[in-house]
Amino acid sequence: MKRALIPLAIFLLVVGFLFKGLFLNPREVPSPLVGKPTPQFSLPRLDNPETVFSPKEMLGKVWMLNAWASWCPACIEEHPVLVSLAKTGLVPLVGLDYKDTRQDAQRWLDEGGNPYTVTVMDVDGRVGIDYGVYGVPETYVIDKAGVIAYKQIGPVTVEALRDTIIPLVKRLQAQ
Amino acid sequence: MKSLLFFRIILALFLMQSVMVFAQEAQSLQSNAAVEAQVQRLSKELRCLVCQNQTIADSHAGLAEDLKLEIREMATKGMTDQAIVDYLVARYGDFVRYRPPLKLSTVLLWLGPFALLLAGGIGLFLMLRRRQKIMVDTPLSADEARKVRELLNKES
Chain A
1 MKRALIPLAI FLLVVGFLFK GLFLNPREVP SPLVGKPTPQ FSLPRLDNPE
51 TVFSPKEMLG KVWMLNAWAS WCPACIEEHP VLVSLAKTGL VPLVGLDYKD
101 TRQDAQRWLD EGGNPYTVTV MDVDGRVGID YGVYGVPETY VIDKAGVIAY
151 KQIGPVTVEA LRDTIIPLVK RLQAQ
Chain B
1 MKSLLFFRII LALFLMQSVM VFAQEAQSLQ SNAAVEAQVQ RLSKELRCLV
51 CQNQTIADSH AGLAEDLKLE IREMATKGMT DQAIVDYLVA RYGDFVRYRP
101 PLKLSTVLLW LGPFALLLAG GIGLFLMLRR RQKIMVDTPL SADEARKVRE
151 LLNKES
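As they're listed, the protein sequences go chains A and B. Mapped onto our numbering, the consecutive letters of the first sequence carry residue numbers 1 to 175. Mapped onto our numbering, the consecutive letters of the second sequence carry residue numbers 1 to 156.
Take the hints with a grain of salt, since some may be wrong.
[Said to hold, decoys possible] With a Cα cut of at most 30 Å, we get these calculated DSBU-like pairs of lysine-lysine:
id, chain 1, residue 1, chain 2, residue 2
1, B, K133, A, K36
2, A, K170, A, K144
3, B, K44, A, K36
4, B, K68, A, K2
[Stated by the list, open to error] If the Cβ cut is set under 8 Å, some of the chain B residues that face chain A in the computed set are:
id, residue
5, G62
6, L63
7, E70
8, M74
9, D86
10, A90
11, Y98
12, F125
The hints are simulated quantities; they were obtained by calculation from the structure and are not laboratory data. Because the structure is a prediction, the values reported are computed rather than measured. By construction, the Cβ of each residue, glycine as well, lies at the ideal position given by its N, Cα and C atoms.
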């Protein structure tokens, strides 16, 4: 009788693994950049191509870098959430406009509202590669020392803000 | 008649496509052959994170094209395979490699199949040994042996 239970036990083990697998998101690849300093860059701003922005300017502040694009469908869903976050004035949000054109990006911000303190243009996606961006939107929370504390893959949702990002930002700001 | 026209259009499209493919390949052969070989070798080892089950050599996703370009530039600068792979792993993690390194977190991945094979082998061995004990040889009686011989002879 006991022997008959062995295949059943193996079956249940496999079911357990598969069941867990149902709730994993294969697109969420853990970023090796969490805990590392932000890759440096110097990119032209969207509002004024003559001036450049570099993450060094944000040292001493907790801030968020959001990679987005006007061609990105998931960004449509994310944008109002970012706009409402910006309205609270809790944390400065820098936009990394990934592989986009100036014209499309400007139209996007004009239509949907502009949650960003600064938006920079990463036209050829090189800075995106440095940040390990493989699909927009992606968002980084960066601490006062310029170290990446968290990476959100996919759109920032109301739940993600409430449960993860805002508590984290407040904790980092208190440091 | 109509189907012939259709066939011709399809054929024309096919031919056009092959021309376009050639045009692209010719462009990438600008640099020297050693660099190109390195790019080819590396892009078969690296995963496209957008499409996940394709190498960046196979993928035509924007990111894969960008990464190929990046790899080509690094190769042109004379960076070794290892240095280029390290550069990408630092940004995208081990997942970007099709052959993940042997680490504590990947031990199951590397050794799991061998462990399963071993477990199966032991199971088979034990089962066969037990069977051997249960099954006892029963020799044929003289009468049975004669019947068998008869039957065999009849067949032939």
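Worksheet item: Is the shortest C-beta separation between L63/B and chain A less than 8 Å?
Response: With a closest approach of 6 Å, the L63/B hint holds.
Discussion item. K68/B and K2/A were given as a pair; does the straight-line alpha-carbon distance stay at or below 30 Å?
Written reply: violated, 57 Å
Fill in: Satisfaction of the G62/B interface hint, Cβ to chain A closer than 8 Å
Holds, about 7 Å.
Worksheet item: Should the interface hint for M74/B be scored as holding, given a Cβ-Cβ cut-off of 8 Å against chain A?
Response: Violated - the Cβ of M74/B stays beyond 8 Å from chain A, reaching only about 11 Å at its closest.
Worksheet item: Given the proposed pairing of K170/A with K144/A, does the C-alpha separation stay at or below 30 Å?
Response: holds, 12 Å
Worksheet item: Going straight from one Cα to the other, do K133/B and K36/A come out at no more than 30 Å?
Response: violated, 63 Å
Worksheet entry | Satisfaction of the D86/B interface hint, Cβ to chain A closer than 8 Å | Since chain A brings no Cβ nearer than about 11 Å to D86/B, farther than 8 Å, the hint is violated.
Discussion item. Min Cβ distance, Y98/B to chain A: is it shorter than 8 Å?
Written reply: With Cβ-Cβ at 14 Å, over 8 Å, it is violated.
Worksheet item: If you take the shortest Cβ to Cβ gap from F125/B to chain A, is it below 8 Å?
Response: The hint is violated - F125/B has no Cβ within 8 Å of chain A, the shortest such distance being about 16 Å.
Worksheet item: Does the nearest C-beta of chain A fall within a distance shorter than 8 Å of the C-beta of A90/B?
Response: Holds - the Cβ of A90/B comes within 8 Å of chain A, reaching about 6 Å at its closest.
Practice prompt. Return the status of the interface hint for E70/B: holds when the least beta-carbon distance to chain A is below 8 Å, violated otherwise.
Written response: holds, 6 Å
Worksheet item: Taking only the CA atoms, is the gap from K44/B to K36/A under or equal to 30 Å?
Response: holds, 28 Å
In summary, the structure is inconsistent with hints 1, 4, 8, 9, 11 and 12 from the numbered list given earlier, while agreeing with the others.
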